[in-house]
Amino acid sequence: MKPKTKYVQVPSRSILPDRDIAREPVLECINLGITLGGIKAVDNFNLTIGRTEIAGLIGPNGAGKTTVFNLLTKVYQPTTGTILLNGKDTHGMNTMQVNKAGIARTFQNIRLFKNLSVVDNVKAAMNNEMHYNMLSAILRLPNYRREEVAAHRRALKLLSIFDMQDMADVRAGSLPYGAQRRLEIVRALATNPSLLLLDEPAAGMNPSETADLMDNIRKVHEMFQIAIVLIEHDMSLVMNICEGICVLNFGQVIAKGTPEEIQSNPAVIEAYLGRQSSHKEKEA
Amino acid sequence: MTMRRLINLKRVEARRIYLTYFIVIIAYVICQTMSSTRILSSTMRGMLVPICAYMVMSISLNLVVGISGELSLGHAGFMSVGAFSGVAAAILMQSVIPFAPVRLALAMIIAAIFAAIAGFLIGIPVLRLKGDYLAIVTLAFGEIIKSILNNFYMGMDSGGIQFSMLSDTTRLLPGGKLIIRGPMGISGIQKIATFPAGFILVMISLMIVFNLVNSRSGRAFMAIRDDRIAAESIGLDITKYKMMAFVLSAAMAGAAGALFAMNYSTIVANKFDFNTSILILVFVVLGGQGNMLGGIIAAAALTILPEKLRQFSDYRMLLYAVILIVTMLGTNNQDIRNFFAKLNPFRHKEPEEEEAA
Numbered sequence: 004m005k006p007k008t009k010y011v012q013v014p015s016r017s018i019l020p021d022r023d024i025a026r027e028p029v030l031e032c033i034n035l036g037i038t039l040g041g042i043k044a045v046d047n048f049n050l051t052i053g054r055t056e057i058a059g060l061i062g063p064n065g066a067g068k069t070t071v072f073n074l075l076t077k078v079y080q081p082t083t084g085t086i087l088l089n090g091k092d093t094h095g096m097n098t099m100q101v102n103k104a105g106i107a108r109t110f111q112n113i114r115l116f117k118n119l120s121v122v123d124n125v126k127a128a129m130n131n132e133m134h135y136n137m138l139s140a141i142l143r144l145p146n147y148r149r150e151e152v153a154a155h156r157r158a159l160k161l162l163s164i165f166d167m168q169d170m171a172d173v174r175a176g177s178l179p180y181g182a183q184r185r186l187e188i189v190r191a192l193a194t195n196p197s198l199l200l201l202d203e204p205a206a207g208m209n210p211s212e213t214a215d216l217m218d219n220i221r222k223v224h225e226m227f228q229i230a231i232v233l234i235e236h237d238m239s240l241v242m243n244i245c246e247g248i249c250v251l252n253f254g255q256v257i258a259k260g261t262p263e264e265i266q267s268n269p270a271v272i273e274a275y276l277g278r279q280s281s282h283k284e285k286e287a
Numbered sequence: 002m003t004m005r006r007l008i009n010l011k012r013v014e015a016r017r018i019y020l021t022y023f024i025v026i027i028a029y030v031i032c033q034t035m036s037s038t039r040i041l042s043s044t045m046r047g048m049l050v051p052i053c054a055y056m057v058m059s060i061s062l063n064l065v066v067g068i069s070g071e072l073s074l075g076h077a078g079f080m081s082v083g084a085f086s087g088v089a090a091a092i093l094m095q096s097v098i099p100f101a102p103v104r105l106a107l108a109m110i111i112a113a114i115f116a117a118i119a120g121f122l123i124g125i126p127v128l129r130l131k132g133d134y135l136a137i138v139t140l141a142f143g144e145i146i147k148s149i150l151n152n153f154y155m156g157m158d159s160g161g162i163q164f165s166m167l168s169d170t171t172r173l174l175p176g177g178k179l180i181i182r183g184p185m186g187i188s189g190i191q192k193i194a195t196f197p198a199g200f201i202l203v204m205i206s207l208m209i210v211f212n213l214v215n216s217r218s219g220r221a222f223m224a225i226r227d228d229r230i231a232a233e234s235i236g237l238d239i240t241k242y243k244m245m246a247f248v249l250s251a252a253m254a255g256a257a258g259a260l261f262a263m264n265y266s267t268i269v270a271n272k273f274d275f276n277t278s279i280l281i282l283v284f285v286v287l288g289g290q291g292n293m294l295g296g297i298i299a300a301a302a303l304t305i306l307p308e309k310l311r312q313f314s315d316y317r318m319l320l321y322a323v324i325l326i327v328t329m330l331g332t333n334n335q336d337i338r339n340f341f342a343k344l345n346p347f348r349h350k351e352p353e354e355e356e357a358a
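Here the protein sequences come in this chain order: P and D. Position in the first sequence counted from 1, then plus 3, gives you the working numbering. Position in the second sequence counted from 1, then plus 1, gives you the working numbering.
Just so you know, these hints were derived from the structure itself, not from any lab. What you are looking at is a predicted structure, and each value in this text was computed from that prediction instead of being measured. Ideal Cβ placement from N, Cα and C applies to all residues, glycine included. The hints are all genuine.
Facing chain P, according to a computed beta carbon distance under 10 Å, are these residues of chain D, among others:
1. E14
2. I209
3. N212
4. S216
5. R217
6. R220
7. A221
8. R226
9. A232
10. S234
11. I235
12. G236
13. M245
14. L249
I would like the entire structure built from these sequences, with the hints used as guidance.
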């Protein structure tokens, strides 16, 4: 395992610059924007994520949070702006190449491979680290066996982080809801990302499941020393776990800062609760 | 410890695979004994090789439809490419390789290569499409292959191999022989296809598909089938894996086509028309998509059935249709499924299987 992060002071545009170990952030979005159907779904989006940062992306429904994830993973190609991943421009890459470059994600509406077993879902994500060809698979040559055994072992190890190793042979589609969400995270981790994007990981979970999830995210962060960005509506989770938070509204960043700063930011309160004066006007 | 797990018979999948191999071997042994002791009628004996060829077709289409999740309606096209290239190769090799089994094997390999090339060329435009559109375009390509072969002439003389399209303008030297004669197809084929060869081809096809399913490629095929967007997000190359499945399936269909053709003395392109494509699809759907054993049983049953119904003369195809409909309804009926599930000795060990149904 890698050594624990050493916190050193370096100048950076990261939300929490003094927590960055590397001078170079894992992700930089510069003036990112996309127009969907004539509407600027995301506009002038600037964000820098440090190498081992946990950041939150929050905002009211329809603010463009998932669109940002889709831009980062190139499900949509941005109309303006640049995404730098590990200092490299991702312009012209597709979803697959972005994943190989180090971004893995989960989905708001769960997208598991329903008819595959739990362990096969994880092993499918390890495809790019296996190198045997079709012929060795068909003839069951030694390199097939060696790589499969290694992959199986690693898949079980990853599953055990989320206490799912006993469910390895269960069909993914028949897992309970919470386990499906956890499996999505394991599958994303199996691709060896340097940046993990979690789209509403706690959606539909009860408070105790959410607390478990929080522990698990911390554990993953500790073990893999990767950057995590999460979209979440559960404020207790966001405020507890995130070192930096970025708030979106109508496709624009309205605030950035530490959880404490965000909680007291008037623009954020306005976005979530509406302006007090306009509320009064309506009543009158 | 993990090593043993990979070939663990406690796993549902592994059990299904070994059961399939076992049933195919047993069926072969029984049929071979019956055939050599002349218990089997001569019509039935003549059907053993076509049944094997259709079984391979069913396995091959199952790879595309059941495992990759793409509907292909032109599979007979690849079968015909294999049939024509395989038979032509066998005729050309006749004097060089007098030993029939080797010639058959080589012809099937050549057929597989030609069909794979056809699959690759067709795959380039077709695999950009999805769902119904893909099905329609594969149907069109199946018809195109048929038309091309209907207008294709090939002959051989002392100057080498000559081709021509639309009409016979090969201008063979005296002593040359026209092998492929457009709509007349190929005639005078030596019937070198044998039942053991068919059985071996079925076993090889099963081995290819089963071993592939449990490998990185197979998982990629199924992942793309289950969720394309998620598959991309974990770094799977969708185009590459779709092409891989399509080409492999075409190659298997080509080998089956060569086996099929070398059981007859004459072969014409019209034999591999849309109806044949649909028949193969019926094998796959009736046997259950992704279920290899089901597919090969369906292939055997639906090849024998029209022969067995011959005594009803005029009502033959009507009865065939009725039986097909009843079987489809029956296998989809929950009560009947539960009844068969009760008969399954392994049932209590796999409760999640029933939810899947």
